[in-house]
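Enquirer: Here the protein sequences come in this chain order: A and B. Under the numbering used here, the first residue of the first sequence carries the number 1, and numbering increases by one thereafter. Under the numbering used here, the first residue of the second sequence carries the number 1001, and numbering increases by one thereafter.
A portion of the hints provided could be inaccurate.
What follows is a list of derived Cβ distance ranges for each label pair [to be verified]:
#1 Glu1145(B) with Gly154(A): 21 to 29 Å
#2 Asp336(A) with Ala1051(B): 51 to 59 Å
#3 Arg621(A) with Leu1031(B): 38 to 46 Å
#4 Leu1031(B) with Asp648(A): 31 to 39 Å
#5 Leu1004(B) with Glu603(A): 54 to 62 Å
#6 Asp543(A) with Glu1145(B): 56 to 64 Å
#7 Glu27(A) with Thr1028(B): 30 to 38 Å
#8 Arg621(A) with Ser1194(B): 53 to 61 Å
#9 Thr1308(B) with Val598(A): 36 to 44 Å
#10 His300(A) with Leu1004(B): 45 to 53 Å
#11 Thr1028(B) with Ala583(A): 19 to 27 Å
#12 Lys57(A) with Thr1028(B): 44 to 52 Å
#13 Ile249(A) with Leu1043(B): 54 to 62 Å
Since the hints were derived computationally from the structure, they do not count as laboratory data. Note that beta-carbon positions come from the ideal geometry of N, C-alpha and C, so glycine has one too.
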Amino acid sequence: MSDGTVTVQRLGWAVGCLVLATAANLEALPVWVPVAALLAGSVRLALAVLGRGAPPKTLTLLAAVAAIATLLLRFHTFNGITAGTSLLCLMAGLKLLETQRTRDIRVIVMIVYFLALAALLRSESFWLLAYLIGVCWLATATLMQLTVAEPGPGWRGALRASARLLLHALPLALFLWLLFPRLTEPLWSVAEDSGAATTGLSDTMDPGDISKLVLSDDIAFRVHFTGAVPPPRQRYWRGPVLEEFTGRIWRRSERARPGSDAQAPLPVTAPAYTYTIGLEPYQQHWIYALDRAVRWDLPHARLSDTGVLERSDPVSQPLDVTMTSVAGGVIPEAPDRNRQRRALQLPPGSNPRTAALAQRLRAQHPEARDFVAAVLGMLHTEAFFYTLTPPRLGDNPVDDFLFDSKRGFCGHYASAFAVIMRAAGIPARVVTGYLGGNENPYGDYWIVRQSDAHAWVEVWFEGGGWLRIDPTAAIASARVETQQRDDGATAMLGVTLRGRGSWLADLALRVDALRQIWRERILQFDQSAQQSLLERLDIPAPDAGKLALLVGIAISLVFGWLSWQVRRDVSPASRDALVRAYAGLCRRLAGAGLPRAVHEGAEDYAERIARARPDLAAGIRGLLRRYSDLRYGAAATDSPAARALARDLQAFRAPQQR
Amino acid sequence: MKRLRLAAAWRLRTWAGRRHGIDTLPLTVQLRRIYILPTGSGLVLGVMVVAMLLAGLNYNSNLGLAFGFLMASIAMTAMHHCHRNLLGLKVDIGLDADGMAGASAPIGFVLLNDSAAARHDIEVRCGDGAEVVTAVAGGAARKLEVALPTPVRGVLDLRQCELATRWPLGWFRAWTYVQAPIRVHVAPRPGGSSLPPASAALHGERAQSGRRGDDDFAGLSPYTPGIPLKHLAWKTLARGQPAAVRTYVDASGSPVWLEYAALPGLSGEARLSQLCRWILDSEAAGQPYGLRLPGLELAVGQLGAHRTACLRALAAFVQEPGA
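Isolated chain A (complex conformation) (with noise of 0.2 Å):
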């Protein structure tokens, strides 16, 4: 077949087309890549509307060595979407530049595609699914337009037809997706981009980063509760167990990296709560949980030595985790010499007037419980204040917060309560993690967002564990069982976005809603969730063989369906509505009398009526002589002039005659 030519308006849609799905990967190309490709397509797209062709191929090839060459300086590979989809959008524009026979338009259109799934890859969003489609859609339509023949379709003409493919595709995509067996394990492995920012805590924690947490709205998890939910008071979700101290700064201790001294599910204790959470990604290795985790569903995760649930790959997808939690404010534990004395660590020399206090308090109340109750009672009475916006503290950060400040918000009590602790040789740790959560009423779960991240301290008790002591709340205690931080920090902000009763409060929980609905379905489809399906429809135990012979009935049943829907397209004119109009006439006319015989022609019959009634004569000649014409003529049955005509030809009436 011969190609047809490239003109500007089909180096117009290619360019198009690709700007397009370029832009859905711009966050994941360095700046130059999409420039480059932009400025390839201007060129080409200036050289076709000065009526020239692609330039030299010499220039070209240049462009493409020196393309690659910069791509692989950078990358160094082109396995991974960042390096690949890089390459695939400098592919395009060099091709774009090459341009000269629709051959080279289909390539591009194919790129297009192929852009269009590299950013699928990296992102789970509905709004890009839907624009990618889109994409998709006007892709298609570019290829419908690539035809040799005139008149071809029109673009207006493409894009119905392009619509029209695609609505027909969808059942067919949809029953592979649903059917499709899912892998547990990834085939191979990629170079993982860990360049994107991720919000959330961090394995430190100075005291100032959580005021930074707390105005950012985004949620860190969600939580579904099978059966009982916690009692406000205990909503701790337990993130990484900080234990080294620099003076400034708390760290996780080296130790405590997953993998070491992993420890066995615990028998169920009461209270135990079973959920399902589903994280957002944070880039991190450990899972949050309630107090103490029991039991999960997560393959290679274990506990570490400090009760966090860990595993060896970080959190940089959704995941959901089931799990079973005892949540009593205690995270047992044998007594274990090496670990209680990093939990006395303490720079030599550092915060002097916290470690004094500490010693005169600790000699007047001798019981570690009494201690605790003091330094909290401290905490209550003397005129401490909860603020996101402390001044800045000096070189002893803790002596100056308790003493000359006393402002602050969770970081900074718990650290200063934490260091009064090991000051007076009670082991203690900071534990950052998050509190409380909303529960939204449009769908059975809690949300947790960044804004309720917290600090509080776990305190080492013989023979007990270790014991969850919140200083903050010891500020306004009443605060801790509504969400404190919230009321607070909203407020100070001027944030009413998420007060109950606000109709823009309602409109953001009901879309969360939705984009639960989305994740828990969509995203996190996989077999398990297949199997379930499966089984709601009365197929048990599915394996391969009967998935395989599903995905059979489905495509054959959808191939019937779209065949029958391309036969209805090409059934001969008794759909036309000329026809059917002019049929209906007949049917009228013979009610009044005057049917029309088999073998009559419309011009015959029309002769006929005229001759027996005489005062229909001059309208149904001019009615069915027009028919003849158009409907033998060569015009188009759907032209205005048809269209007119059916209308007339279902408007006449034969009066019945006197």
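Got chain A sorted already, so can you dock chain B onto it with the hints?
Expert: What follows is chain B alone, placed relative to chain A:
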């Protein structure tokens, strides 16, 4: 590779020929006779879809998988739409075509699309390399001619034509064979001297009068398309009467006979070329003529139709061995 493909295509053609038998025209392209295969671009797409699905699986991305399946499904749907582009198309073919050696013979087709949907990019092919790509709007008919190259004189029997399409996306090619006995009459390439030389053409009847241009006006006869306009009776036309042509009778009152046997100095094919030239020239000059070939005599007839008959006789003429 190409030879392999050609061989496969030839086998398929002969097999389809046996399967369908000779078609009655006009033919409606039915389901059972449409074949469809992916094109090169379609195969590339197939590889791409597999890569997309692998990537989706590997990145454990349900959206990636969904997009991969959407692409696969678009391809499958495009296959149906491609098939649809031929389905139900009605085709009629002119079973006799005339051409000249060294030129081409136009083979006439009528494509009728009585469905409401337009049909884009329908390829019509006859023999090797002769094809026309056309579009037929909804409810419309299209006439077209495929120029079949005719390098040598003779009668060419085409048993088969092909209708094909790659619409909508160029990923599939659907085609069908139309089994129609098309006879292509390839007349010899005109050659030799331009007008019947007295010695040969006059052979007997016109021996005494070697002049041209002294023909007498004989009257008017109705105009038929194909007659040179210089014979048109412009005056009668100007008076509003039907178009007519002036006919002349040779002064000698008898037609010219163009004879194969009267060209002894030439080889067989050269004689046919010469006769062809004379037929065309006589036709152009409005000179009635007859043709005599060994074993065949075509008496003087109507201009136009007579020429076609004579040229077909030349095309069909089989040389005696050693003549």
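Enquirer: State for each hint whether it applies.
Expert: Right, here's what the structure says about each hint:
1. Glu1145(B) with Gly154(A): 21 to 29 Å: holds (26 Å)
2. Asp336(A) with Ala1051(B): 51 to 59 Å: Once the Cβ atoms are compared, 52 Å apart, the range 51 to 59 Å for Ala1051(B) and Asp336(A) holds.
3. Arg621(A) with Leu1031(B): 38 to 46 Å: Cβ of Arg621(A) to Cβ of Leu1031(B): about 42 Å, so the range 38 to 46 Å holds.
4. Leu1031(B) with Asp648(A): 31 to 39 Å: Holds, at about 37 Å.
5. Leu1004(B) with Glu603(A): 54 to 62 Å: Taking Cβ atoms as reference, Leu1004(B) and Glu603(A) lie about 58 Å apart, which means the hint holds.
6. Asp543(A) with Glu1145(B): 56 to 64 Å: This hint holds: roughly 60 Å between Cβ atoms.
7. Glu27(A) with Thr1028(B): 30 to 38 Å: Given range 30 to 38 Å: violated, Cβ gap about 55 Å.
8. Arg621(A) with Ser1194(B): 53 to 61 Å: holds (57 Å)
9. Thr1308(B) with Val598(A): 36 to 44 Å: holds (40 Å)
10. His300(A) with Leu1004(B): 45 to 53 Å: Once the Cβ atoms are compared, 52 Å apart, the range 45 to 53 Å for Leu1004(B) and His300(A) holds.
11. Thr1028(B) with Ala583(A): 19 to 27 Å: At roughly 22 Å between Cβ atoms, Ala583(A) and Thr1028(B) fall inside 19 to 27 Å, so the hint holds.
12. Lys57(A) with Thr1028(B): 44 to 52 Å: The hint (44 to 52 Å, Cβ to Cβ) holds, given that Lys57(A) and Thr1028(B) are roughly 48 Å apart.
13. Ile249(A) with Leu1043(B): 54 to 62 Å: holds (59 Å)
Against the hints set out earlier in the document, a violation occurs for number 7 only.
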